[in-house]
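Colleague: Sequence:
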Amino acid sequence: MIKPLKTALKPGNSNAKTSPALTLVKRRGASDFEQLRKAMVEAVQKLAASCWTDYNLHDPGITILESLCYALTDINHRTDYAIENLLANANQELSLRQHGLSAPGDAFEMRPLTTTEIADYLCRKIPELAAVSIQETKVRTKSSAVVSTLPWLHKIYITAWASSNSSKQMQELKAKVITQYHRVRNLGNALNDVVLTKRVNVALSGDIYLNEEVGESGKVEQAMAAMYFCVQRYLVTANFQVTGEPLVALLNEIHKVSGVTTTSHLALIGVAVDGRLEKPVGSNVFTDPRYALRLQLSTIAGADSVRVFVRNRQVNVDAAAVQQLIHSLEEAHQLQRNMLRDAAPTASIPSSHKELLSYISVQNHFPANYGINAFGLPASASAQRKGQAKQLKGYLTLFDQLLVDHLAMLDSTKDFLSTDTGVKRVYPTGKLDGVVSQIYQSVPGVDFLDSLEAYQNYSPRKARVFDFLAAMNGRDKESFAWDFNNPYFSELARAEQLLACKQQYVEHIGMLARDRAAGTNFVEKTWGTTNQSTLEKHLRIKLGLSERRLSTVYPLVRAGLNHQDSDLGFHFNANNAKQETRFATSFYENIGHSLAADETRNLKPVPDIAVDEPTSKKVYHQVRNHVFGHLKNLRTLLFRAGANLASYRIKVSDQRTATRLYINLGRNSRENWLYLLSTKSEHDAAITANGLCQFIQTLNSDMEGFHLIEHQLLLPVSKHWQPAVDKVASLNPFANTQSLVVSGWSARFVDGEFRRYVEDLVLQESPAHMYTQVFWLDFSTMERFEVLFKNWCDVRTRRDEHRKFNFLSAKLLRMLMKLAEGGLR
Numbered sequence: 020m021i022k023p024l025k026t027a028l029k030p031g032n033s034n035a036k037t038s039p040a041l042t043l044v045k046r047r048g049a050s051d052f053e054q055l056r057k058a059m060v061e062a063v064q065k066l067a068a069s070c071w072t073d074y075n076l077h078d079p080g081i082t083i084l085e086s087l088c089y090a091l092t093d094i095n096h097r098t099d100y101a102i103e104n105l106l107a108n109a110n111q112e113l114s115l116r117q118h119g120l121s122a123p124g125d126a127f128e129m130r131p132l133t134t135t136e137i138a139d140y141l142c143r144k145i146p147e148l149a150a151v152s153i154q155e156t157k158v159r160t161k162s163s164a165v166v167s168t169l170p171w172l173h174k175i176y177i178t179a180w181a182s183s184n185s186s187k188q189m190q191e192l193k194a195k196v197i198t199q200y201h202r203v204r205n206l207g208n209a210l211n212d213v214v215l216t217k218r219v220n221v222a223l224s225g226d227i228y229l230n231e232e233v234g235e236s237g238k239v240e241q242a243m244a245a246m247y248f249c250v251q252r253y254l255v256t257a258n259f260q261v262t263g264e265p266l267v268a269l270l271n272e273i274h275k276v277s278g279v280t281t282t283s284h285l286a287l288i289g290v291a292v293d294g295r296l297e298k299p300v301g302s303n304v305f306t307d308p309r310y311a312l313r314l315q316l317s318t319i320a321g322a323d324s325v326r327v328f329v330r331n332r333q334v335n336v337d338a339a340a341v342q343q344l345i346h347s348l349e350e351a352h353q354l355q356r357n358m359l360r361d362a363a364p365t366a367s368i369p370s371s372h373k374e375l376l377s378y379i380s381v382q383n384h385f386p387a388n389y390g391i392n393a394f395g396l397p398a399s400a401s402a403q404r405k406g407q408a409k410q411l412k413g414y415l416t417l418f419d420q421l422l423v424d425h426l427a428m429l430d431s432t433k434d435f436l437s438t439d440t441g442v443k444r445v446y447p448t449g450k451l452d453g454v455v456s457q458i459y460q461s462v463p464g465v466d467f468l469d470s471l472e473a474y475q476n477y478s479p480r481k482a483r484v485f486d487f488l489a490a491m492n493g494r495d496k497e498s499f500a501w502d503f504n505n506p507y508f509s510e511l512a513r514a515e516q517l518l519a520c521k522q523q524y525v526e527h528i529g530m531l532a533r534d535r536a537a538g539t540n541f542v543e544k545t546w547g548t549t550n551q552s553t554l555e556k557h558l559r560i561k562l563g564l565s566e567r568r569l570s571t572v573y574p575l576v577r578a579g580l581n582h583q584d585s586d587l588g589f590h591f592n593a594n595n596a597k598q599e600t601r602f603a604t605s606f607y608e609n610i611g612h613s614l615a616a617d618e619t620r621n622l623k624p625v626p627d628i629a630v631d632e633p634t635s636k637k638v639y640h641q642v643r644n645h646v647f648g649h650l651k652n653l654r655t656l657l658f659r660a661g662a663n664l665a666s667y668r669i670k671v672s673d674q675r676t677a678t679r680l681y682i683n684l685g686r687n688s689r690e691n692w693l694y695l696l697s698t699k700s701e702h703d704a705a706i707t708a709n710g711l712c713q714f715i716q717t718l719n720s721d722m723e724g725f726h727l728i729e730h731q732l733l734l735p736v737s738k739h740w741q742p743a744v745d746k747v748a749s750l751n752p753f754a755n756t757q758s759l760v761v762s763g764w765s766a767r768f769v770d771g772e773f774r775r776y777v778e779d780l781v782l783q784e785s786p787a788h789m790y791t792q793v794f795w796l797d798f799s800t801m802e803r804f805e806v807l808f809k810n811w812c813d814v815r816t817r818r819d820e821h822r823k824f825n826f827l828s829a830k831l832l833r834m835l836m837k838l839a840e841g842g843l844r
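Numbering of the sequence shown is given in the working numbering, commencing with residue 20 and proceeding in unit increments.
Read the hints as simulated data drawn from the structure, not as lab findings. C-beta: ideal position from N, C-alpha, C; glycine also. Among the hints, a few may not be true.
Restraint-style ranges between C-beta atoms, simulated for each label pair [unchecked claim]:
(1) 303 - 136: 24 to 34 Å
(2) 218 - 126: 37 to 47 Å
(3) 110 - 393: 25 to 35 Å
(4) 135 - 579: 50 to 60 Å
(5) 214 - 316: 20 to 30 Å
(6) 132 - 328: 40 to 50 Å
(7) 286 - 353: 22 to 32 Å
(8) 307 - 576: 55 to 65 Å
Let the sequences and hints guide you as you build the complete structure.
Modeller: Given below as structure tokens:
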């Protein structure tokens, strides 16, 4: 029920009109026993007042009415369970991801985006690191004397906690940094180098004034330890390039320490190898990322450098105690970092699971003299009395079934309002164990509704659930490729494909939002895996493609197809040996033959028959060897008409000695029927058509795919795998550019409207700083590209052959530039 609230007038304008605010009020009828009984008696009085006049407790009708009220009261109570109890599983847990949910801390978690966030991530992931600074690279290109600043090419300066690590340990530390950096590398970024900073030991000099409370409580050492720890953390983590005057910023940090009131003559003094104090550290050392300032804790004992005052009186400080407290603070800080590093997303939360399927028939609540409860009638009861009891049981069973079905639907909430698609039921039916069998000799099945797809209509309804779960995560109703383009499947199969895409989308919706800018991690294997950028993962989900990076050309080769560099397209290998099959005749009749109009009316649609994968492959190879040996151009047949079962027709000969199988190569409303082959029976023809159609559908799906390559990763590298920017003539082809290379020959991907959808989707989901080029390639061009790209991925992951890598990068870049110019397709 919707109730309008009082209209509120705008301040200062008594004549202003506003739309009435609306509030939704939950509509519930009577739910407790007394209210239900009263409402039902009043309904009976309205409906049958002339023939039903006794409403006392002894009346059988009132007994039935009260039994139903009791059952409804119990069901209403269970319906009012909190939603988290309805979604909980038998393990007393609510699985968050399964229901499109996330814990509050996980919902707002984002991957590192800025250089500061990436530096903090590296410090948290690598315990040996004390500090990380990420700087942009400044270089000169081969053809320019002007220094260019490349914010997307990162140089990482690292500072280790230990000062006496060996060269091998430093190399291992660099390798860890490279590995972790690539795990959070964003689209458009690249790593130039990892540099170990030079340690500069410094000591604090000046006067520190503490408040009276610290002096009276004897916590001078604690206050000094907190101050030294603050200085050390500031020196390690501060970015002096953006903090302005370094000492002023340091003073501000010290004044935040509890117990410190003010400072005087504060400075940082350099410490020589032998421990001698030298001159104050210059500002150039602060701002140079090659240097790392470290506070020398052994200088705490030097009373000549730091003096501590309480009430303007100098006090003595136990230097050993201060050092011990500093070590304790560092250990606590490291422990906190480890806890952050090991934190995993919350998978589930505790929630009480409620039993919903336990149901006791209303018949068991009737007095024994009715003869319908668990005890039944005595054996001496007459046949008429037993018949009357069965009649009453049959009448009440209808109510029992409605009530138990309601509980079954309530119990299915946790499955239906989730990403689980294993139980394909919208309206589950409950079981009345021991009730129905007492009425009927042959117990009817309780799962008969599950087989009625038109009644269940599972896929579209479940798809709306996924839309709802996506909306809960702040996403508008998404458009998927299977929403409008379907050259392969029946409407039911298309709905199932769309449902699978939406399921995958909701399951990964948190990752897609959190890691939207993520790039591919090329330190790990990429080909044949799901190691891809988030943009690629998002596109694969929306387009209904394989989640792995696979070849789009290999499925054709595996199917026995060869490509020729002519305009004829794809060809079967005519050298395959022929085999004996069940075909009565197996030859290709008159390529140019078209059926007369009167003959087409006698063609029968091919029934949909389930064919397993081995049979499908066998049928395809039989048809390929015997029928298509002389067919020159199979592009239309294979990738358009052959993928849709509606394109096939059967014609039985007048003598019923053979059955012909035809396929329609026409598009839209035009018909162009082509004879394929003859079989011994209609059943054989149907199996052949279904098997061939299924194989071509699978072939189309396997051929559909794309590859995304970031141009900055195509920069040449030195033998140490550092980008050799000074070797390129111009940076224009590399900066903030990526190319999406798509296979353009499948039945779906040749459609112009579908291509526009893909290009709009890429534009919508790409990060704003990246310019994305989309290229639709034919088979031969894609074959050349994949050979180069796969080898390029493998060499980049191994990082062992920089010359080969540079050769492949140059070839790929030239190919992409020619595609951009329109020279290839």
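Colleague: For each hint, tell me whether it holds in the structure or not.
Modeller: Going down the list of hints, with the structure as the test:
1. 303 - 136: 24 to 34 Å: Between residue 303 and residue 136, where Cβ atoms are some 27 Å apart, the hint holds.
2. 218 - 126: 37 to 47 Å: holds (41 Å)
3. 110 - 393: 25 to 35 Å: The hint (25 to 35 Å, Cβ to Cβ) holds, given that residue 110 and residue 393 are roughly 33 Å apart.
4. 135 - 579: 50 to 60 Å: holds (56 Å)
5. 214 - 316: 20 to 30 Å: holds (25 Å)
6. 132 - 328: 40 to 50 Å: holds (45 Å)
7. 286 - 353: 22 to 32 Å: holds (29 Å)
8. 307 - 576: 55 to 65 Å: holds (57 Å)
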